[in-house]
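A.B. asks: Residues per chain, in single letters:
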Amino acid sequence: MKKTLLATACLTFGAYSQLALADLPVAIAGPMTGQYASAGDQIRRGAEMAIADINARGGVLGEKLTLEVGDDACDPKQAVSVANTMVNKGIVFMHGHWCSSSTIPASEVYHEADIPMATVSTNPQVTERGLKNIFRIMGRDDQQGMVAGNYIATKFKGKKVAVVDDKSAYGKGLADEMANAMQTKGMKPVLRESITAGEKDYSGLVTKLKQAGVEVMAYGGYHTEVALILRQAQQAGLQLTVMGGDTMTNSELVTAAGPAADNVLFTFSPDPRKNPAAAPVVEKFRAAKIEPEGYVLYAYAAMQLFEQAANNAKSVKYADLEKALRTGTFDTVIGKLSFDAKGDQKAPGFVVYRWQGGKYDYAQ
Amino acid sequence: MAYALQQLINGLTLGAMYGLIAIGYTMVYGIIGMINFAHGDIFMVSAFIAVTAFTLLAAAEVTSIPLALTFVLIVAIFFTSAYGWAVERTAYRPLRGSTRLAPLISAIGMSIFLQNAVQLTQGARVKPIPPVIEGGLQLWSTPEFTVQIGWNQLLIIVTTVVLMIAFTWMITQTPFGRQQRACEQDRTMAALLGVNVDRTISLTFMLGAALAAVAGVMVTVYYGVVDFFIGFLAGIKAFTAAVLGGIGSLPGAMLGGLLIGLIESFWSAYLWTEYKDVATFGILCLVLMLRPTGLLGRPEVEKV
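Just so you know, the protein sequences line up as chains A and B, in that order.
Counting in our numbering, the first sequence runs without a single skipped number right up to 1007 at its last residue.
Counting in our numbering, the second sequence runs without a single skipped number right up to 1037 at its last residue.
Chain B extracted, bound-state conformation (with noise of 0.2 Å):
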């Protein structure tokens, strides 16, 4: 029972992390229906910012800790929406009015060319920081095990949910929200309404790229070393957890980001670690097969 329940914080943790990725893709293919797989390299820059960023503080003499986080999470907000925008204007908008496939293989593009971007200038070695936050809450004890939540991991618990309130409110009260919205439903109609739909979809990059800023500095804090490869694997699993909630949903990409982070947690628990992905990746293929939209995903009829 302690045993489940430490695999259940580690789910969580794991599975809030992939949402805060995941979103990012949802967004983008809910308003321009593409795929955008630099996504994970956007969340990578971001991790080697905060590492930057915390290093400067380090030697800066910066000691006290929620200082420091604010500052870094700032920073690589700042930096990583920077990105995202960037990416968008060079690497999408040119392809808007072309085939579908276009884009996609531009997005492979822009993924290799920031991971080799990365690895040329900050070098390919890992890049590890000292521990930020050390310890944890001991919640229960038994004599054979001791279930504990590390204060890191409650840190990425509490932001998550804290980021997914704001976001809601955000997409549903707020102008830019109807505005995001109304592009989503068509872009035709929306732009002949005076919408900025180019802003709108800017801005969509950038929120999404934000979100990947703060899963790259939660990162950081929690494993300590980053390197140029991390968006890759973490790209992967964000999009598969968008694709299983339901691609284009912002509540599915949550969803399927928790799902996987649990189902990889507790198949490793129980069963063979080797196969995690495996059972990762059947789950999705058995969900596709029984609702080819997702969990929460809405047919495309809808738009009409």
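This is chain A alone, in the form it adopts within the complex (with noise of 0.2 Å):
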């Protein structure tokens, strides 16, 4: 009895695997886990439901997606060895990673084994590179750094500024971008200060600031510890108006600063949740009880990248696909997508926003 039962159990999972076999498998990599792991769960929700509307569409080019998720933490070393074990499970489309400081390694083993990425990490370098496979759906740190700079330059013009940055590849190239920008229209930042993240003490640094005079901080970085320095900051009396980027998104900066979030301004791309062809989706998520925010549309929208661009190809050989990723232009949740000869995105565009109440919406 046990016999035939274990024979049976061995010819279902051999006829299983026989169909995992035909799915295509497409995947996901960035911080699941480690203080950066709600933006990795954003992306995995939007790829997930991506996932499930593409199937029940039937697919691509008739076969069925799978989906892997790799977990970096946002960690280079991890980063690598996630590349290599996707490489392995012989993925055809990967979304990812998140930190820059992740995606410019990762991409060097996805490029050598022929595999097309897309990507939300800002760093210039991203592109920079040369490498063919990537596509960026979101704009560079030099355009945010640019617009979040100019702002700065214009809006708080006469008050003191500082620019701290993480010390990440993401941080400190965007607090450079700022500084740069801030500098061309004629404002002198009072302070450059860069932190340890993951720390939780920033009172040697809100101290500093205050001494300074500072109100304004232009900070290249993760929410994470925005969030830490305007409690601390709010503890020691300092009133501090924050300008960051794309990372600061997340509503966990909500639940981690309270009130004092505020005082956030950050660049993101025009939000998806309100183009008008994004509004089934971004219902459906509400339904599941997701709200669309940050990266979730991001992630829905690269796998609608690679759908069209499989359709179109009607392959998912990695020259057909390159090709089709390179030449065509492609409707998406988050708009239109079509690259340039790096990769970039060809029509990016940043915006200001401000949290205020716990939401955020387009700064004036």
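No lab work stands behind these hints, which were simulated from the structure alone.
Careful, some of the hints might be misleading.
Derived, one-sided and incomplete: chain A residues facing chain B with beta-carbon distance under 8 Å [stated by the list, open to error]:
#: 1; residue: 677
#: 2; residue: 678
#: 3; residue: 680
#: 4; residue: 819
#: 5; residue: 838
#: 6; residue: 841
#: 7; residue: 844
#: 8; residue: 851
#: 9; residue: 867
#: 10; residue: 895
#: 11; residue: 899
#: 12; residue: 994
Chain A regions said to be covered by chain B (calculated; three or more residues, Cβ under 8 Å) [as the list claims (entries may be wrong)]:
#: 13; region: 776 to 787
#: 14; region: 869 to 875
The beta carbon of each residue, even a glycine, is placed where N, CA and C say it ideally should be.
Bring the two chains, given one by one in their own frames, into a single complex with the hints.
C.D. replies: Printed below as a string of structure tokens:
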């Protein structure tokens, strides 16, 4: 009896793995654990919903998509090992990673294995290295740094501004761009500082800002640290306005900083939730109790990008996909996407947002 | 001047917290000669217990802050020392007779286990609590700068001082302290003379965890935000403090903690914030080169 059971189990398993082989594996990678895990969460939710929708439409080229999830915890070393695992799993498309410091080394691995990838990493180096497999569905730090820097220089003219970063590829790059933009507009930051991400105590920095009479902090880095800095600034009796980048879209900032988050401004691509074409998808996310904030719709769009490119190319082979991605224009929930020779999105555009009462909207 | 005073207050607060955690490292090293790398995560577990307790109190509409704080401290100390005890039983005691390396690896494993357990059960997101204690005392006001000590900073410093006095008394005056010191000197001999060595070691772990529990509650009150990752950095810093002060020495751990807190604070006040950790570890290297046993450490030969 036991033997038959075992045999049946083996057979069923065999049948399943046969089925699995016929599927098309696509992947996402990012910080599923670690302190930035909430961003990974957004990416996974977006991708899962997109794949469910694509499969409901009959899949891609008659095959169902399966999702592989890679966790790099925003650690460059782990990112490379995730990349190798994904290559071994035979994925045909990658959306990731999230941190620029992970995307840059991991993309070399995907490049060698001929796997096309879409990413939301914003560091210029992501597409500046001449890798043909990368397509960025977000703007670049030199663009968002300029928008943020100009905004500070015009709106906070005459105030004391500090530029702070967290030493990461993303944070430092962004902070440098903001400082440059401010300087071209004739505003000189009174302080230029770096902090260690992952710490809890920023009282030293806050006291330094207070001593220098800083009112506005231009920050390159992630939301977790900003929340702590704001909270500690409030305790020290320092009113601080923060200008950050796309990572500030995370509602965790509000949970952690409380009302102090109302002083946070940040740059992000125009809100895809306001895109009328995205309305049914947004509706669907909200019905599933997921607010499609931050990177959720970007992950959804990345999967749509793959679907449309594969359909256009009628193939999932690298050469065909790459050509389709480079030449085509794609209709996604974040708007129309098309790419230049480097793989940057042709019409990125950044807008300044402001957190207010736990929601973010365009800043006035 | 006002600025320096403010940074001194910041540094003392930070140092007190490092010191509280560092004592756990030092005591465990003193008695069984191993580094308990899971200690930082015990501290993290305590912070999570504190968040849960504060949330429960808020739901029960308890508004008295001293009452709430006492309740949270008791709950956190109770559960965290239970964790300390369980960690010793499962990860270290079975390996006590083996090579020095085995319990060390087991400790790292335990640390990873605790981090993942908390992440899986509590989620990877940060857990905030609303400010418990707000405001502070304005110490000195110059036209350009106001020095203030937050009530929560004062609470941390005072609690640490009180705990240190109580702790020194316990180690030097009570029967448990005597047994503990006897086990540090020579475990076999202590056992022959009727000291229950296993029990003493268990209690040492529990005491270390209890101090980490207090630090966990303080961190929750002070920063208001915890996540499953806070144990790592705090653990490394506290471990450094223990080594700097002389691992195995209780006053050394406290001194090391304060020194690291002050170095961090003053370095970031007057020099480049980004090299703060470089400075801390650079000074550690220097001290170890000149005094391999740390500032207040005793050389091992004394045990003979």
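A.B. asks: Please go over all the hints and tell whether each is borne out by the structure.
C.D. replies: Quick rundown of the hints versus the structure:
1. 677: 7 Å, holds
2. 678: OK, holds: residue 678/A within 8 Å of chain B, min 5 Å.
3. 680: 3 Å, holds
4. 819: Since chain B brings no Cβ nearer than about 14 Å to residue 819/A, farther than 8 Å, the hint is violated.
5. 838: At 6 Å from the nearest chain B Cβ, residue 838/A passes the 8 Å test, so the hint holds.
6. 841: 6 Å, holds
7. 844: 5 Å, holds
8. 851: Cβ of residue 851/A sits 6 Å from chain B, so the hint holds.
9. 867: 6 Å, holds
10. 895: 6 Å, holds
11. 899: It holds, given that the least Cβ distance between residue 899/A and chain B is near 5 Å, below 8 Å.
12. 994: At 26 Å from the nearest chain B Cβ, residue 994/A fails the 8 Å test, so the hint is violated.
13. 776 to 787: violated (count 0)
14. 869 to 875: With 4 residues close enough to chain B, the hint holds.
Hint check: violations occur at hints 4, 12, 13; the rest are consistent with the structure.
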